[in-house]
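Chemist: Each chain, written out:
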Amino acid sequence: MAWARKLLRVDLTKGTCTSEPLNMDWAQRYLGQRGLATKYLTEEIDPKVDPLSPDNKLIMTTGPLTGTCASTAGRYSVVTKGALTGAIACSNSGGFFGNEMKNAGWDMIIFEGKSAKPVYLFVQDDKAELLDAGEHWGTSVWDTEENIKKKHQDPMIRVASIGVSGEKGVKFACVVNDMHRAAGRSGVGTVMGSKNLKAVAIRGTLGVKVKDIGAFMTATANGKAILAENAVTGQGLPTYGTQVLMNVINEVGALPTRNHRDVQFEGAGDISAEKMHEKRASDGKSNLITNGACFGCTIACGRISQIERTHYTVVDRPQYQKASGGLEYEAAWALGAATGVDDIDALTFANFICNEQGYDPITFGATVGAAMELFETGAITTKETGGIELKFGNTKALTELAEQTGRGEGFGAEIGLGSKRLCEKYGHPEMSMSVKGQEFPAYDSRGIQGMGLAYATSNRGACHLRGYTVASEILGIPEKTDPLATEGKAGLVKAFQDATAAFDSAGLCIFTSFAWTLEDVAPQLDSACEGEWSVEKLLEVGERIWNLERQFNLAAGFTGKDDNLPARLLKDAAKSGPAEGKVNGLGEMLPEYYQLRGWTTEGVPSNQTVERLGL
Amino acid sequence: MNTGKRLMQKSLHIDPGKCTGCLQCEMACSLDNEGAFNPAKSRIKVFDFHAEGRFVPYTCTQCAEAWCMKACPVDAISVDTLTGAKVVSDALCVGCKVCTIACPFGTINYNQTTGKVLKCDLCGGDPECAKACPTSAITFIDADWTGLERMRDWASKTDSGTRAEA
Amino acid sequence: MARYVIVGAGPAGVIAAETLRQQDADGEIVLLGGEPEPPYSRMAIPYYLTGGIEESGTHLRKAQDHYAKLGIEVRQAAVSKVDTGANSLVLADGSALPYDQLLLATGASPVRPPVPGLDLPGVHHCWTLEDARQIADLADPGASVVLMGAGFIGCIILESLLARDVKLTVVEMEDRMLPRMMDQTGGAMIKRWCEDKGTSVLTSTKVTEIKAADGGGLQVVLDSGEQVPAALVVVATGVKSNAELAQDGDIKVDQGIVVDNYLRTSVPNVYAAGDVAQAPDHSTGGWSVLAIQPTAADHGRVAALNMAGVETTYKGNLAMNVLDTAGLVSVSFGRWDGGDGCETAESVDAENFRYMRLVFDGDRVVGALCLGHTDHVGVLRGLIQGDVRLGDWKARLQADPCRIMEAYLGSTLS
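Residue numbers (my numbering), protein chains in the order written: chain A, 1 to 615; chain B, 1001 to 1166; chain C, 2001 to 2414.
In case anyone wonders, no lab produced these hints; they're calculated from the structure.
Note that the Cβ used here is the ideal one computed from N, Cα and C, for glycine as well.
There's no promise every hint is true.
[Said to hold, decoys possible] Here are some chain C residues pointing at chain B (derived, C-beta under 7 Å):
1) Pro2038
2) Met2043
3) Arg2061
4) Lys2062
5) Gln2064
6) Leu2129
7) Val2267
8) Asn2269
9) Ala2326
10) Asp2375
11) Val2379
12) Arg2381
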């Protein structure tokens, strides 16, 4: 019930697909998706493995609620050792692929080894086979998806694939499903590419059942009602998408701008949700066409956008004149504020390319921002950039590099290293705005203090989705805390981290947590899944998962010293806005955090903690 | 001969402009009909016009012509007099699929697993898809109000007998 | 009070009788059937043969008192003559049956190929319920069966024969299976599908003679000289309209009884419907006989409306077939074979027995073939018979012909 109780093991070296029963003892302890797949990964690979070697494994995984009518329950994650970070990577995606996998009767697909030639996995319910991907290798995500559906003569097939960037080893390649939904961060697509695995195509028709359908329908209906009545999930997100944050975060002085040199962007309004809604003078249309939902989602924050037909990026290029996945807040920030570019259609175009060629717009935009700083300080010149005047605010440089990175060509291949490797290469490691090799998302931790700790301790490198204290510090969810204070943030970060791990492992979207607490999730899980699922159990599962990920990273070679922020955030004060004069107070928060976690002062889970959590 | 007007029947009214493509309707439909969340077996389907940013839920309009019912060689499809829905009897359906090519709207489909055909039956008068839709893109309302011109031939027209075309 | 007489109790006749009753509460309706069964459906015979349904499952209407309740008089009677001058039928027993409005829905009969030995015991058509009973008797598990003809009816029977676990040999004189419903690509896939299931399929092969074998059973002689032993030979080499009744009188007959857009024959109060009617054809603009269930249903309905005085124009015959050949579903519509000035779009996945072919005339779909598809195939009828102008969608269908449902919605709901 809820779980399909089955996993598919695909040995790419041997070319075999075998079915295995899911370890249901582990499922009771790690729930599913992020937690359960991390358990499998840690049991099956050496944490020290080269992420791009055949010995790394890549797991596509659903949660127990995936494929049910619980709101947002269509998620899946890709779990592996990240190519960008070398840390545990778990990238979560919406769209419709997760449901398809569950409906085909699989909780999880574990890919191991490496195929001798490009292949894709084709799954029709319990039938799975590896097929030659020769004709798809070298094609974009968009073409791969269309062509696979066409080849198998079934428009209802769902596809998750990598683009050319993932084939070419761009370190932050994504796995993209349903044209514009991505398991985006940490280079999970790069790992997929290293295995010569181009795509996974699934058609599932078996159905998903739950333990107690009566109780489940009541619990999910209650959950949906809460989402509908909540101002963020019921109005803000459907109307404005995550982009609702652009002006808000700019106003609180936490919008990292031009590689974190500033905390406010004068062009924020021009790249905001409001701008996407605005009717253009030229054609009377707006950038935003409509909002769209992922599978089962009653929030529907997704943006569907269309670029003005006369915009320089799309003239004579009809494939980009169509509607497709539009800007989310993090992408708009990275492509815009981080680079100083304020042309909404150029950002939309770059975002299209990120989707089309499958790479992470956050790391991409942030890396372009870092490269712009390298350029402006003279560390690189037009010789390195292939003639591109890589100055902050250069719109055409951004879109040109988006295309080059998508193809893994020219200076785009160097952008494809990510900011850490790029800045090291050119002698300025301090210019990489990253933690554990992964770039920050769109919140400056000088203006939102808790996020500094959340970034520093995030198990997959800098990330807003591992402990989104923005909710509390800015939006007052579940209660308002002072964004400029460090006090109490250790506890706040831990609580968010543990709860998030539980949400991520259930098959739900973390955006539900704007309105839901685990009190709302527990009855949905409890009525769907075998076993008893209380809030207490979910918190324990969340904490267990967090510690398991931590253990993986420690075994991979990370230490407490990696729980750190770039000097810029710790030493260079914010220049404007409410946080003017502030740096991040990580040092004030980290020891308390370790203590609350039951870790040693070096950041290692104590024996007592390990024992308490049964790790 | 009609002895008088029947009570106003209700019809599914679909407003694609409100649809977000979440597929809650497909899940509700399949749960009611198949006992599981199984969009592949849903009688209502949402088509995603990605390039236009449009989602279109689509199902049987219970058309007056009742192409499926008239083409059925074994009388396995009948009108539910309460709702006006054309309903498939699994006991009588032999799986010949003639209805699936007779219906010009493509809304009655063969299920290879069961060897029978599937179509919308309005859930006996309380359609699950409409109840599950979070944006009111699908509503179940008095037939007179279902104005989508192209999705024509709604149940109310059966009252007047037939239409002068075929 | 009008008297309506319908000759033929197949789908066209039954639907006509019911439609007449809807339109005319008081008229007298007589439905004449030639077989000693309640009105039944030939389409359902294969399912009876597989044991999936009882005989009663083939009946067109299930309630025993269905016709009585509607005031439709069902009689088993053979008709010897139509006297259009006297507005009267002459029945086999010599009695007269006058009418005000007459519908000829006499159906079709299997063609008897000129092959010696067709009268031998163990050789059967598969057309009537009585035929089916005989076949069911002989088609035991392991029995050698030869099926003559791999057309639509042959292939429908094929499935039920395989389901009975016989050792089957199919002999088709044309170069492929389903020559009138599938092109080479599709026909070859169906052949391979059948062969994979252990059926021997001989195309471009004729049966020259059927002989009684020494020691019982039959010997089927092929034009290759080969002889195939058989306990049962099923003959399914096509059907032709039962238009004899009309031929005596002044009713115009060609391949079938020729009717106009109102299903009216050349005699104003005589109509024809179903397998016997040669009706205007939507695809060609000419006239055609289409011996298929949906056409019979449409004819019966439209003819009855006109007979009752509700002037109704028939949209024209559209060839359409759906067939399940031992689990492989194939569908054909309209001008699937193309023709002058037509463009085509194809998608072939031979390995997985999936095929989609669309034929365009300008920006309209005019014909289609599909194999291995069951979802939304009816919309092909909507596209073709609705003369839907595809606009931009033509190019998209050319890129991926499986997007028929989206093309229909995109073209009609805009």
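Chemist: Each hint should be assessed against the structure and marked as holding or not.
Modeler: Going through the hints against the structure:
For Pro2038 of chain C, the shortest C-beta to C-beta distance to chain B is roughly 11 Å, which exceeds 7 Å, and the interface hint is violated. The beta carbon of Met2043 of chain C comes within 4 Å of a beta carbon in chain B, closer than 7 Å, and the hint placing it at the interface holds. Because the beta carbon of Arg2061 of chain C sits about 5 Å from the nearest beta carbon in chain B, less than 7 Å, this interface hint is met. About 5 Å separates the beta-carbon of Lys2062 of chain C from the nearest beta-carbon of chain B, less than 7 Å, and the hint is met.
A cut of 7 Å between beta carbons decides the hint on Gln2064 of chain C: the least distance to chain B is about 13 Å, and the hint is violated. This hint is violated: Leu2129 of chain C has a C-beta 13 Å from the nearest C-beta of chain B, more than the 7 Å allowed. Residue-level restraint check for Val2267 of chain C is violated (minimum Cβ-Cβ distance to chain B is 22 Å; threshold 7 Å). Hint on Asn2269 of chain C is violated. Least Cβ distance to chain B is approximately 20 Å, over the 7 Å limit.
Interface restraint check for Ala2326 of chain C: the shortest CB-CB distance to chain B comes to about 12 Å, outside 7 Å, so the restraint is violated. Look at Asp2375 of chain C: its Cβ gets to within about 5 Å of chain B, closer than 7 Å, so that hint holds up. Residue-level restraint check for Val2379 of chain C holds (minimum Cβ-Cβ distance to chain B is 3 Å; threshold 7 Å). Proximity of Arg2381 of chain C to chain B holds as hinted, the smallest CB-CB distance being about 4 Å (cut-off 7 Å).
Taken one by one, the earlier hints fail for this structure at numbers 1, 5, 6, 7, 8 and 9, listed in ascending order.
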